[in-house]
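Here the protein sequences come in this chain order: A and B.
Numbering that gives the first Met the number 0 applies: residue 0 is where the first sequence begins, and numbers increase by one.
Numbering that gives the first Met the number 0 applies: residue 0 is where the second sequence begins, and numbers increase by one.
A hint or two may mislead.
What the hints assert, rightly or not - Computed list of lysine to any residue pairs in SDA-like fashion (alpha-carbon distance at most 20 Å, straight line):
no., chain 1, residue 1, chain 2, residue 2
1, B, Lys37, A, Trp186
2, B, Lys37, A, Val199
3, B, Lys8, A, Val199
4, A, Lys27, A, Asp4
5, A, Lys204, B, Ile3
6, A, Lys204, B, Gly2
7, B, Lys37, A, Asp250
8, A, Lys157, B, Asp20
9, B, Lys8, A, Arg273
10, A, Lys266, B, Gly2
11, A, Lys263, B, Ile3
12, B, Lys8, A, Asp250
13, B, Lys37, A, Arg273
14, B, Lys37, A, Pro373
15, A, Lys157, B, Gly19
As the list claims (entries may be wrong) - Covered by chain A, per the in silico footprint, the following chain B stretches (three or more residues, Cβ under 8 Å):
no., segment
16, 5 to 19
17, 32 to 38
18, 57 to 67
19, 70 to 78
Bear in mind the hints are in silico, worked out from the structure with no lab data behind them.
The model shown is predicted, which means the values in this text are computed figures rather than measured ones.
Glycine is no exception: its CB is placed at the ideal position from the N, C-alpha and C atoms.
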Amino acid sequence: MESWDVVVVGAGPGGSYAAKTAAELGLKTLFLERGRYAGEKNSSGAGLGTRWWRDFPEIMGKLPYLSSYRRIDMIVIKVVDEENRLRLVQGTTGSDRDGSRWSGSLDKGMAGASIYRSDLDPLIADLAVSAGAELRTSTLACDVIMEKGTVRGVVTEKGERLRAEVVIAADGAMSTLARRSGMRGRWGGGCTLVPQIDFVCDEDKLDAVVGNAEWCWFGPFNGAYQVNFRESFHLGAGKWLRPDWDTRPPDMLRRVMEIPAFQKFCKVVEARPREYQAHLLPWLKKPPRTYTGGMMLVGDAGGFPCPLDGEGIWHACMSGKIAAETAAWAISRGDVSEKALAEYERRWKASPLGLEHSFGPEFVEIWDHSIFDPELMKRLIQLILELSEIHPFSVLFDWSDDHVSCLNRHLEHLFDLVPEFSEFGERYIKPLGAAVSPQVVKKALLQAKGKLPLLRLLPDQTYLRALELLNRRLGSRLKEAAGR
Amino acid sequence: MEGIDFEVKELVYRGEGDTGDFISFDPGRCDGCGLCVKVCSAGLWSLREGKARLAPRYRELCLECAACWEICARGAVDFSYPAGGTGVTIRFG
Ligand SMILES: Cc1cc2nc3c(=O)[nH]c(=O)nc-3n(C[C@H](O)[C@H](O)[C@H](O)COP(=O)(O)OP(=O)(O)OC[C@H]3O[C@@H](n4cnc5c(N)ncnc54)[C@H](O)[C@@H]3O)c2cc1C
Ligand code: SF4
Ligand code: SF4
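Work out the full structure, taking the sequences as your base and the hints as a guide.
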């Protein structure tokens with residue numbers, strides 16, 4: 000029987016990054032992949048955000064040399080009304096006053112990248128192999144070796160028994176290892192299915208029409224993303240796999256493809272559908288148990304994707320890195336028991352990954368009660384459109400009546416809609432108030448004070464204390480702010 | 000729809016080799032809720048006399064998404080993967 004320090008199952012981003020880290024720490028490392036090569040079985044949006052530059056610059060620096068790469072500076076949101084008319088186009092540019100959010104060669108905007116998994120996964124797997132890990136492809140792991148309730152290795156479909164001090168399960172959403180070790184069964188409502196179509200198109204025309212942006216489509220039908228690559232793009236839309244599932248997955252995409260603005264776009268860039276993909280994506284309020292004796296779960300297997308936007312590649316690499324570091328630590332102490340590996344959870348909770356999940360329940364509630372409720376979406380879209388109407392130009396260029404009447408009509412519509420959302424806001428948005436940092440609260444309050452001549456006479460601390468006393472509802476936040 | 004539409008099975012690519020059986024169905028547990036039929040992109044599940052039925056040719060048509068396994072609350076669907084190195088190839092994922 001072969002034996003290793005670490006056996007990783009899965010050569011997706013999570014598995015490969017774990018294998019790379021383990022090998023760099025001097026551990027004898029093997030990683031297995033069921034595809035003929037890393038990336039063969041995988042599909043994603045796949046957009047990578049700015050934090051990649053901070054955490055994985057060695058990967059970001061290599062992406063521009065890969066064939067599907069497109070640099071991404073912003074996200075453009077397209078809002079469609081009930082009659083499929085495009086009503087609002089809004090771009091995110093992000094504020095970049097001190098440049099601290101961006102690094103690398105990109106100096107402004109939502110600096111990120113779009114990259115196919117068939118480009119990204121082999122790149123990370125190669126980094127692991129260069130670091131000294133051994134990769135076996137076309138190899139399906141089908142079971143764990145269990146001894147006295149502790150995982151001691153994995154069994155492949157050919158019956159090979161591979162012993163390991165520590166096993167890292169990076170085998171994706173339907174983790175065979177998590178199931179076989181008895182850690183969990185189905186996600187039972189916490190997992191989405193994301194159908195996606197790859198369109199091939201003309202590169203120059205895509206440059207001219209979308210440039211360096213990802214697109215999102217929102218409408219009463221719910222939402223869809225459009226990730227743009229060098230000479231192609233993905234259109235995808237997801238939904239939780241629950242008993243209220245009511246459409247065939249390809250029809251979720253057809254619904255977006257019906258939008259005349261999307262059809263026109265396809266015509267202009269000469270797009271045609273090239274590949275259809277469907278993939279699970281866990282989307283949970285928080286990751287469930289992520290370790291057991293002798294084994295840790297990373298990436299999708301552990302339920303790590305972002306609870307707000309479902310992004311999961313960064314989470315897979317981050318959890319893979321932390322799992323490998325924990326493995327090295329546990330092996331050096333000669334204790335890989337469940338109790339020892341609780342260190343993994345402590346570490347990821349203390350990392351940016353833990354922060355990402357600290358408002359998981361709130362983020363999931365917001366989606367759950369908005370985007371998948373067509374009636375609410377219909378009203379929400381009216382609200383967004385109405386809000387976007389209230390700017391000086393809307394009054395100037397609305398020729399449906401005299402300007403004063405137009406303005407009043409806009410306001411009236413708005414005030415009709417606002418109460419409908421107060422309950423939603425109160426219940427699902429307000430809890431996020433706790434996420435606003437005390438420094439920001441303090442800054443806002445002091446700025447407000449600066450505008451009121453009489454209050455300027457009061458010392459800042461006294462002013463903040465007085466507010467704290469007055470406003471019992473916001474009490475705890477103000478108290479913290481006053482304390483800094 | 001004008002201009003652009005698609006047929007799922009024309010947009011899926013596969014490698015060579017025998018996948019072996021990788022989905023199993025236990026009619027005893029099935030209550031005929033029909034959810035597997037709705038979530039399958041490839042249309043491989045149908046209902047007959049109050050029970051689900053998996054197309055016999057599923058090995059050549061399945062997308063390996065595992066949605067039928069995840070959605071079935073009765074545990075009537077078991078899913079493992081095709082043999083290593085066989086099955087769907089995602090070229091532009
Ligand atoms: C359609 C879609 C769009 C998405 N868009 C984005 C996006 O834009 N940005 C983003 O950051 N995230 C996105 N995500 C999420 C992201 O794809 C995942 O979170 C990420 O791939 C998780 O990485 P992983 O390494 O944990 O798992 P995976 O990428 O699923 O990798 C698991 C690997 O293990 C292999 N494997 C599985 N079982 C076995 C076994 N038994 N034996 C051997 N090998 C096995 C698989 O072949 C695979 O290579 C998207 C997901 C989907 C489905
Ligand atoms: S989802 Fe399960 S219980 Fe429902 S019809 Fe399909 S197999 Fe039967
Ligand atoms: S795995 Fe996906 S494509 Fe295959 S039968 Fe199940 S639902 Fe259909």
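Hints versus structure:
In summary, the hint linking Lys37 (chain B) to Trp186 (chain A) is supported, as the alpha carbons are separated by about 18 Å, within the 20 Å threshold. With a C-alpha separation of about 28 Å, the suggested pairing of Lys37 (chain B) with Val199 (chain A) is violated against the 20 Å cut-off. This hinted pair checks out: Lys8 (chain B) and Val199 (chain A) have alpha carbons roughly 17 Å apart, not beyond 20 Å. The straight-line distance between the Cα atoms of Lys27 (chain A) and Asp4 (chain A) is roughly 5 Å, inside the 20 Å bound, and the hint therefore holds.
The suggested pairing of Lys204 (chain A) with Ile3 (chain B) holds, with an alpha-carbon distance near 18 Å, which does not exceed 20 Å. With a C-alpha separation of about 18 Å, the suggested pair Lys204 (chain A) and Gly2 (chain B) falls inside the 20 Å cut-off, and the hint holds. For the hint pairing Lys37 (chain B) with Asp250 (chain A), the CA-to-CA distance comes to about 11 Å; that is within 20 Å, so the pair holds. For the given pair, Lys157 (chain A) sits about 15 Å from Asp20 (chain B) by alpha-carbon distance, which is consistent with the 20 Å threshold.
Using a Cα cut-off of 20 Å, the hinted pair Lys8 (chain B) and Arg273 (chain A) holds, with the two alpha carbons roughly 11 Å apart. About 9 Å separates the Cα atoms of Lys266 (chain A) and Gly2 (chain B), which keeps this hinted pair within 20 Å; it holds. Taking the CA atoms of Lys263 (chain A) and Ile3 (chain B), the gap is near 10 Å; set against the 20 Å cutoff, the hint holds. Note on Lys8 (chain B) and Asp250 (chain A): the hinted pairing holds, with a Cα-Cα distance of about 14 Å set against a maximum of 20 Å.
Straight-line distance between C-alpha atoms of Lys37 (chain B) and Arg273 (chain A) comes to about 23 Å, which puts the hinted pair past the 20 Å bound. Note on Lys37 (chain B) and Pro373 (chain A): the hinted pairing holds, with a Cα-Cα distance of about 19 Å set against a maximum of 20 Å. Distance hint between Lys157 (chain A) and Gly19 (chain B) is fulfilled; the C-alpha atoms sit about 13 Å from each other, no more than 20 Å. Using a Cβ-Cβ cut-off of 8 Å, 6 residues of the segment 5 to 19 of chain B lie near chain A, which meets the minimum of three, so the contact claim holds.
For the segment 32 to 38 of chain B, the stated coverage by chain A is satisfied: 4 residues place a CB nearer than 8 Å to a CB of that chain, which reaches the threshold of 3. Against chain A, the segment 57 to 67 of chain B contributes 5 residues with a C-beta closer than 8 Å to a partner C-beta. That satisfies the three-residue criterion, and the hint holds. As drawn, the segment 70 to 78 of chain B meets chain A at 5 residues by the rule of a beta-carbon pair under 8 Å; at three or more, the given contact holds.
This entry does not satisfy hints 2, 13, going by the numbered hints stated previously.
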